[in-house]
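The listed protein sequences correspond, in order, to chains Z and F.
If you use the numbering used here, the first sequence corresponds to residues 1 to 506, in order.
If you use the numbering used here, the second sequence corresponds to residues 1001 to 1107, in order.
Keep in mind that the hints were calculated from the coordinates and are not lab data.
One or more of the hints may lead you astray.
Claimed, not checked - Below, a sample of chain Z positions facing chain F; criterion: calculated Cβ distance under 10 angstroms: (1) L69; (2) G72; (3) G75; (4) L197; (5) A199.
Every value quoted in this text rests on a predicted model; they were computed, and no experiment measured them.
Ideal Cβ positions, reconstructed from N, Cα and C, are used throughout, including at glycine.
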Amino acid sequence: MTQDHALSAADASGRLLMAGLPPGPLLALAIILPLAGLVPLLLLGPRAGERAAIALAGLGLLLAILIALQVGWSGTPALYHLGGWRPPLGIMLRADGISAGMLVTSAAVFFGISLFAATGRDRTNTFPPTFWMLALCVASGLNLAFLAEDLFTLYVALELLTFAAVPLVCLDGKAAQLKAALTYLLFALLGSLLYLLGAVLIYASTGTLDIGLAAQRLVANAPATGIALALMSVGLAAKAALFPLYLWLPPAHAGAPPAASALLSSLVIKAPIFLLLRIWIGLAPAPLAEQAAPVLAVLGTGAILFCGMRALAQSRLKLLIAYSTAAQIGYVFLMLPLVTYSGPLSMPESLAWTGGFLHLAAHAFSKAAMFIAAGVIAEALGHDRISSLGGAAQAVPISVAAFAIGGLSLMGLPPSGGFIAKVMLLTAAIQQGVAWIAVVVLLGGLLARGYVLRVVVSALQRPETDASFVTIPLRRQSMALVLALVAIVLGFIPLQPMDFLLVGRP
Amino acid sequence: MIGWTIFALAGAGLVGLGLYGVIMRENALHRILAFNILGGGIFLVFGFAARRGAGAGFTADPVPQALVITGVVVAFSATALATAIVVRLTAAQAEERDDAPHAKDDG
C-alpha cells in the first residue's frame, strides 16, 4: 500500500515537473546537442574537447530519458514542428514509444562506448579529435533517424550517419581498412539512393513526405506504391546489412578500432533497421504490409541461419562478432508476420512487438560489450586468433567475463535481455501457430551458443608456454562489463507486453 | 505534357544506366561516376514530380526543387568522400607494395 502511494506521489511530481517542460523542443535538442560538442573539439584542443564530448554523451542520455519519461507518462507521442510549420509543408519530429526506446538505448550505449574510448585508442595513444567528432555526428544522426517523421529528412539522417560511420572504419588509414570503408560507402550510397527514389515516388503519388499523412493517402493497389516500398526496403536492407546484402559488414566492422567497431555494430546499423520497420509498420498500406511481412521474416531467417553458420566458421574473434551482428539483426524481422497492420494488437501480437524491439535494445548493449571486450583481449594477447586465445582468462579476466556475459544475451540464455526477447518471440509464434518462426528462434540460439562458447572455451585454456601478455588497466576493462551487465538487467523485465512500446503505434 | 514526360523517361533511363554501372563495374571510380548518373536520374524524376504539381494541385510544386538542391549537395559530399577514400587507398596500396617488394601481390 505504502509503496503504491510512494509510486503515485513520484508519478504526480513527475507529471508536475513535465507539465512545465514542453517535450517538443527536447526532441530538437536531442539532435543539436551532440553537434554542439564539435565546437569545443575545434576550439579548445583535444583534451578539453574530449571531456566536453563525454559530458555531452552523458547529457544526451539524460535528455533521452526525459523524453522517454514524458512519452511514458503522457501515453501520447511527443511532437515538434520545426519553425512552427506543420506538415505537409513543414517538418515534424515525433517520438512515440519505439522511437523513445531506441533513443534511450542508443544514448546509453553511446555513453558507455564514450567512457571506454576515454581510456584511449590503445594503452599508449588517445583517440584523435577526429574520432570524437565522427562519434558525435553518429549520435546526432541516430537521434535524427529515430525522431524524424519526414521521408526526406530521414534520407538526410541516413546520409549523415553514413558520412560519419565510413571514416570511423578507416581511422588508421591502413589499406585493408580503406578497402572495407570504400565497399561500405558504395553499398550505403546505393542503398540511400534506392531509398530516395522510393521516397520520390511516394511524394509523386501522395504530395507529402510526412509518414503519417502519406500513409493515409497511399493506395494499396496502385503499382507506384508497391514499387516505392520495394525500392525503399532494398535500399534500407543494403544499409542495414540484412541478408543477403550483408557482405560489406564483416570487413568494415571488424577492421575498425574497438570503440569504433562497437559504435558501428551496436548502433549505426540500428537506424536503417528501425526505418525498415517504420516503413512497413507506419507507412505501407495494411494489405501490402501483410504480404511483405513473411518475405522480410524469411530474409531474417536467412540472416540468422546463414550468417550464424558463417560466424561459427570464423578464425578471427572480431570477424566472428561482426558475422554475429549480421545474424542477430534477423530476429527483429521475425516479429513482422506476428503482428497485425490494421487495428490494435492482440495479446500475443503485442508480445511479439515487445520482443522484437527489446531484442534490438539487448543486442545493442551486448554487442557493444563484446566488441570492446574483444578489442581489449586482442590488445592483451597481441592477436585475435580464436584457436590460440589460451591464457586470456588470466590476463584480462574482466574482459573475458564481459564477453561471456554479453554472449548470454546473444545465445538467449537466462537471465538476459536477449533471453526475454527470444522467449517473447517464441511464445508469440507458438500462440499464433507459426511454427517455423519458433524453430528459427531456437536454431539461431543454438548457433549463437556454438560460436560464443567456442571463444569462451578457448579463452579459458592454459596459455601457450612462450606466450606473453600485455597488462591492461582495470578501468579499460571494466566498461565492457558494465555494458554487458545492462544487457543482463534487461532480462528482469516482466515477460509481458510493454505498454510503453505501444505508445503512438499507428 | 509530352515534353515533360520525356524528361521523366530520361530520368528513368539514367536510373537504369546508373544502377547497371554501380552493380556491374569493378573499378571504384567507375562506380562513383555511375552513382552520380543514378543520382542525376532520380533528381530528374523528382523534377518531373514537381512539374505535375502533385503537391497541392498547383501548376508546379516548389517543394521537390528545394529537396533536389539538398540532394545534389548530399550527392556531392558523397562523391567527395568516396574519391578521397579512393585516393588514400591507392596511396596506401602503393606504400604496402613498396614496403614488401618480395610479397606476392594478390591485387
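Of the numbered hints stated previously, which ones are contradicted by the structure, given in increasing order?
-> Result: hints 1, 2, 3 break, sorted rising.
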